[in-house]
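*Asks:* The chain contents come next:
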Amino acid sequence: MRTRTTPTTKLKLWLAFALTVWVCDLFGAETLRYVAKPGGAKVTIEGTSTVHDWITEGKIIGGSFEVEPSFRTDLTLKSVQSLHGKAPPPNVEVFIPVTSLKSTVLAGREKMDEVMREAMRATENPRITYKLTSMTLKDPVPESGSPAKFNTKGQLQVAGVTNTIEMEVTMERLEGDRLKFSGKKALKMTDFKIAPPAPRLAMGFIKTGDEVTIRFEWIVGLSTAP
Amino acid sequence: MKLPNQTAHDSCPPEVTRREFIKDGSVAILALAGAPLTGTGNTADTNAPASGTDGATDYKGQSPPVNLGLIGCGPWGRELLKTASMLPNAPVVAVCDTYPAALKRAATLAPEAKQYENYRDLLADSKVEGVVVATPSHMHRDIVLDAIKARKHVYCEAPLAANIEDARAIAKAAKETVKVNFQAGLQNRADRQVLNLASFMRTGVLGRPIKSRQQYHKKQSWRAAAPTPERQKEVNWRLDQAISPGLVGEIGIHQIDLVNWFFMLRPTAVTGFGSLRQWRDGRTVPDNVVAIFEYPGGLFLTYEATLGSSFDGELNLFFGSDCAVMLRDRRAWMFQEIDAPQLGWEINAIKEQFYKSTGIVLAAGYSKAMPNQTAKPAEVPQDPKSPLQYALEAFVINSYNHQAAIRDFTSAYDPSDTNALKQYLDEIAKMRVPAPGWAEGYEATVAALKANQAVAGNQRITIEPAVFELG
Numbered sequence: 001m002r003t004r005t006t007p008t009t010k011l012k013l014w015l016a017f018a019l020t021v022w023v024c025d026l027f028g029a030e031t032l033r034y035v036a037k038p039g040g041a042k043v044t045i046e047g048t049s050t051v052h053d054w055i056t057e058g059k060i061i062g063g064s065f066e067v068e069p070s071f072r073t074d075l076t077l078k079s080v081q082s083l084h085g086k087a088p089p090p091n092v093e094v095f096i097p098v099t100s101l102k103s104t105v106l107a108g109r110e111k112m113d114e115v116m117r118e119a120m121r122a123t124e125n126p127r128i129t130y131k132l133t134s135m136t137l138k139d140p141v142p143e144s145g146s147p148a149k150f151n152t153k154g155q156l157q158v159a160g161v162t163n164t165i166e167m168e169v170t171m172e173r174l175e176g177d178r179l180k181f182s183g184k185k186a187l188k189m190t191d192f193k194i195a196p197p198a199p200r201l202a203m204g205f206i207k208t209g210d211e212v213t214i215r216f217e218w219i220v221g222l223s224t225a226p
Numbered sequence: 001m002k003l004p005n006q007t008a009h010d011s012c013p014p015e016v017t018r019r020e021f022i023k024d025g026s027v028a029i030l031a032l033a034g035a036p037l038t039g040t041g042n043t044a045d046t047n048a049p050a051s052g053t054d055g056a057t058d059y060k061g062q063s064p065p066v067n068l069g070l071i072g073c074g075p076w077g078r079e080l081l082k083t084a085s086m087l088p089n090a091p092v093v094a095v096c097d098t099y100p101a102a103l104k105r106a107a108t109l110a111p112e113a114k115q116y117e118n119y120r121d122l123l124a125d126s127k128v129e130g131v132v133v134a135t136p137s138h139m140h141r142d143i144v145l146d147a148i149k150a151r152k153h154v155y156c157e158a159p160l161a162a163n164i165e166d167a168r169a170i171a172k173a174a175k176e177t178v179k180v181n182f183q184a185g186l187q188n189r190a191d192r193q194v195l196n197l198a199s200f201m202r203t204g205v206l207g208r209p210i211k212s213r214q215q216y217h218k219k220q221s222w223r224a225a226a227p228t229p230e231r232q233k234e235v236n237w238r239l240d241q242a243i244s245p246g247l248v249g250e251i252g253i254h255q256i257d258l259v260n261w262f263f264m265l266r267p268t269a270v271t272g273f274g275s276l277r278q279w280r281d282g283r284t285v286p287d288n289v290v291a292i293f294e295y296p297g298g299l300f301l302t303y304e305a306t307l308g309s310s311f312d313g314e315l316n317l318f319f320g321s322d323c324a325v326m327l328r329d330r331r332a333w334m335f336q337e338i339d340a341p342q343l344g345w346e347i348n349a350i351k352e353q354f355y356k357s358t359g360i361v362l363a364a365g366y367s368k369a370m371p372n373q374t375a376k377p378a379e380v381p382q383d384p385k386s387p388l389q390y391a392l393e394a395f396v397i398n399s400y401n402h403q404a405a406i407r408d409f410t411s412a413y414d415p416s417d418t419n420a421l422k423q424y425l426d427e428i429a430k431m432r433v434p435a436p437g438w439a440e441g442y443e444a445t446v447a448a449l450k451a452n453q454a455v456a457g458n459q460r461i462t463i464e465p466a467v468f469e470l471g
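Here the protein sequences come in this chain order: A and B. Taking my numbering, the leading residue of the first sequence gets 1, the next gets one more, and so forth. Taking my numbering, the leading residue of the second sequence gets 1, the next gets one more, and so forth.
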């Protein structure tokens, strides 16, 4: 049996359609999505010990950066509401696989890497993760679009322990609709319930310092995926 | 924030300072490089910091396990099995041999391992992550190619194959399959003692390299007993000229490779001589061989091997204008010429007398650790790990890191971007635990098989540079 469409039903259908378009505008179709791109990503963790300083490096930073469309066209970012506290901040999620971090020492690298993985409880927490909660433009951005400096706040999870961190982040626009975000942050291992490694040797033990500095360069490119 | 159990304790060992570390540098480096960084207690509670009562931490620094499958359970396969069982991270979960008695013997060493008579069934076992191929050399090709196709990491015994065509096919497949970690069974290249010597030799300590001489002397038949004529033929494949790489291919390859490695040279020609002097039991493979390799610039290597005499055992000598270096039984000595420039540390080094020559002991992590010692051979510590242990350890660690690198990359980036993945893996490869890959395995196999060919024909063979390339 064929159903007749009444004016009230038509109105309801129109309202539903309009609502759908509005929701899509807000959350999907009108959001730019940048995803992590290989080549150029770098993370270093620098620390100290009673005998020498040490550095661990990685070249994999995954994740995505989602922001409103004006971000791409307005290089000064003046009209980008989410970067001025007038709209929810960009949706940014980042991760670093713990196994991709490698010590730069020449002798005993593998042993040091394993100690680091164990200290970071990598079996249970294979990734360092970060979720942005706030991102505001710090200084006016040049017409070229680079560099742009932001004050950020986010949830950093290391070894399964989450802490809120504040950090200044610099963004540069690269060719091919790519962006490079960089920054550094001093952290304490113990804030993440990590006991600074203190390996025993024949003559005593070497003690690593609690404080480390993390530096990163994260490359993302505009996603072409639908 | 202060952690529990981190308070200084009266009886705790001292913190090592920068000054002490530099003073006792060798010991510290040795400890960092290989000594277990362990303490008491356990880390069962993953939310608790892993620290001991004295301030030192309990991190074990242990590489995660990689499940291994062994293909070929003959005497050498069982040696590999024994070695794997000594490692904490190399569980052998499957073994394979076409001969039931060999499988049974393997089961006594790896009772938990699943047994297979067909290697393809072992390769289909999803628990197996890496395979160790210890079958006769002429059977390597199909097994290794299928293993690579099955995306299993491969440890292939040396020589890679019994002929150059098969060795090339194996090396090419290993090179092209970036997701597989391939290691050639040239265990010297993973042995810390020999690695230490290789670094030392590459400093140019020899002066102008003049020549090398190597020997393998062991009175043994090389013949294995078997219950049936068919089985006898199978197990004594080394004695059959048609399929055997011969003494120089099976044993000499490990010694010849040292020269290629230390001097970074490839031989340009080899002249061989072979005879049957001791074991005239119907075998067709010579038991007494000499091969003279020619290298660019007039450097020669004389290789001698016999199964007819044990006198003077195994020996590797490298002669240069400033000194000669002798390597035997994983120990090395340097014999300086009277007009050689002094290196500075010889005065404190341990020395041993060899007839009329004085040898300065070269041992990894040793010379500077115990200064002013006055030399008794018994005082030189032996490396507790065997070369095979180093080699399998490297295979497990590199295989784990290789698969972790692939997993890390594909989880963060477009997994279909194989060029970027290859670039990343090439970067990661620079951080491998030292171990020979397909390139070193192929190069050594070519040199050894060419020498075997020369020995078999009592002739001189030119080795074209192109034969070392995979094409």
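Heads up, a few of these hints could be off.
Unchecked claim - Simulated DEER-style distance windows between Cβ atoms:
(1) K184/A to T203/B: 53 to 59 Å
(2) G204/B to S223/A: 49 to 55 Å
(3) T123/A to D322/B: 50 to 56 Å
(4) G298/B to T224/A: 58 to 64 Å
(5) K127/B to G40/A: 55 to 61 Å
(6) T177/B to T76/A: 36 to 42 Å
(7) T203/B to G40/A: 57 to 63 Å
(8) T98/B to R178/A: 53 to 59 Å
(9) K127/B to G160/A: 26 to 32 Å
(10) R178/A to R208/B: 30 to 36 Å
To be verified - Using 27 Å as the maximum straight-line C-alpha spacing, the simulated BS3-like pairs for lysine-lysine come out as follows:
(11) K180/A to K60/B
(12) K193/A to K179/B
(13) K42/A to K233/B
(14) K422/B to K188/A
Unchecked claim - So, partial list: chain A residues that the calculated Cβ filter (under 10 Å) puts toward chain B:
(15) K59
(16) I61
(17) E68
(18) P69
(19) R72
(20) D74
(21) P88
(22) P97
(23) K102
(24) M116
(25) E211
(26) T213
(27) R215
Simulated from the structure, these hints should not be mistaken for laboratory data. For clarity, every value in this text was computed on a predicted model and none was experimentally measured. From the three backbone atoms N, C-alpha and C, an ideal C-beta is built for every residue, glycine too.
*Asks:* Is the hint on R215/A kept, meaning its closest Cβ partner in chain B is under 10 Å away?
*Replies:* Violated, because the Cβ-Cβ distance from R215/A to chain B comes to roughly 18 Å (cut-off 10 Å).
*Asks:* Quick check: does the Cβ-Cβ distance between T98/B and R178/A fall within 53 to 59 Å?
*Replies:* 55 Å, holds
*Asks:* Could you tell me whether the CB distance from T177/B to T76/A stays inside 36 to 42 Å?
*Replies:* For T76/A against T177/B, whose Cβ atoms are near 49 Å apart, the range 36 to 42 Å is violated.
*Asks:* Hint P97/A vs chain B: min CB-CB distance below 10 Å?
*Replies:* 4 Å, holds
*Asks:* Quick check on a hinted range of 58 to 64 Å for G298/B and T224/A, using CB atoms only.
*Replies:* 60 Å, holds
*Asks:* Is it true that the C-beta distance of G204/B to S223/A lies inside 49 to 55 Å, as the hint says?
*Replies:* Holds - the Cβ-Cβ distance for G204/B and S223/A, about 53 Å, lies within 49 to 55 Å.
*Asks:* Please test the hint of 55 to 61 Å on the beta carbon pair from K127/B and G40/A.
*Replies:* 38 Å, violated
*Asks:* Does the closest beta carbon of chain B sit nearer than 10 Å to the beta carbon of E211/A?
*Replies:* 12 Å, violated
*Asks:* Given P69/A as an interface hint, is its Cβ closer than 10 Å to any Cβ of chain B?
*Replies:* 23 Å, violated
*Asks:* Holds or violated: K193/A and K179/B, Cα atoms, limit 27 Å.
*Replies:* With a Cα-Cα distance of about 35 Å, the restraint between K193/A and K179/B is violated, given a limit of 27 Å.
*Asks:* Does 53 to 59 Å hold as the CB distance between K184/A and T203/B, or does it fail?
*Replies:* 38 Å, violated
*Asks:* Does the Cβ pair T123/A, D322/B satisfy 50 to 56 Å?
*Replies:* For D322/B against T123/A, whose Cβ atoms are near 51 Å apart, the range 50 to 56 Å holds.
The structure shown violates the earlier hints numbered 1, 5, 6, 7, 10, 11, 12, 13, 14, 17, 18, 19, 20, 21, 25, 26, 27.
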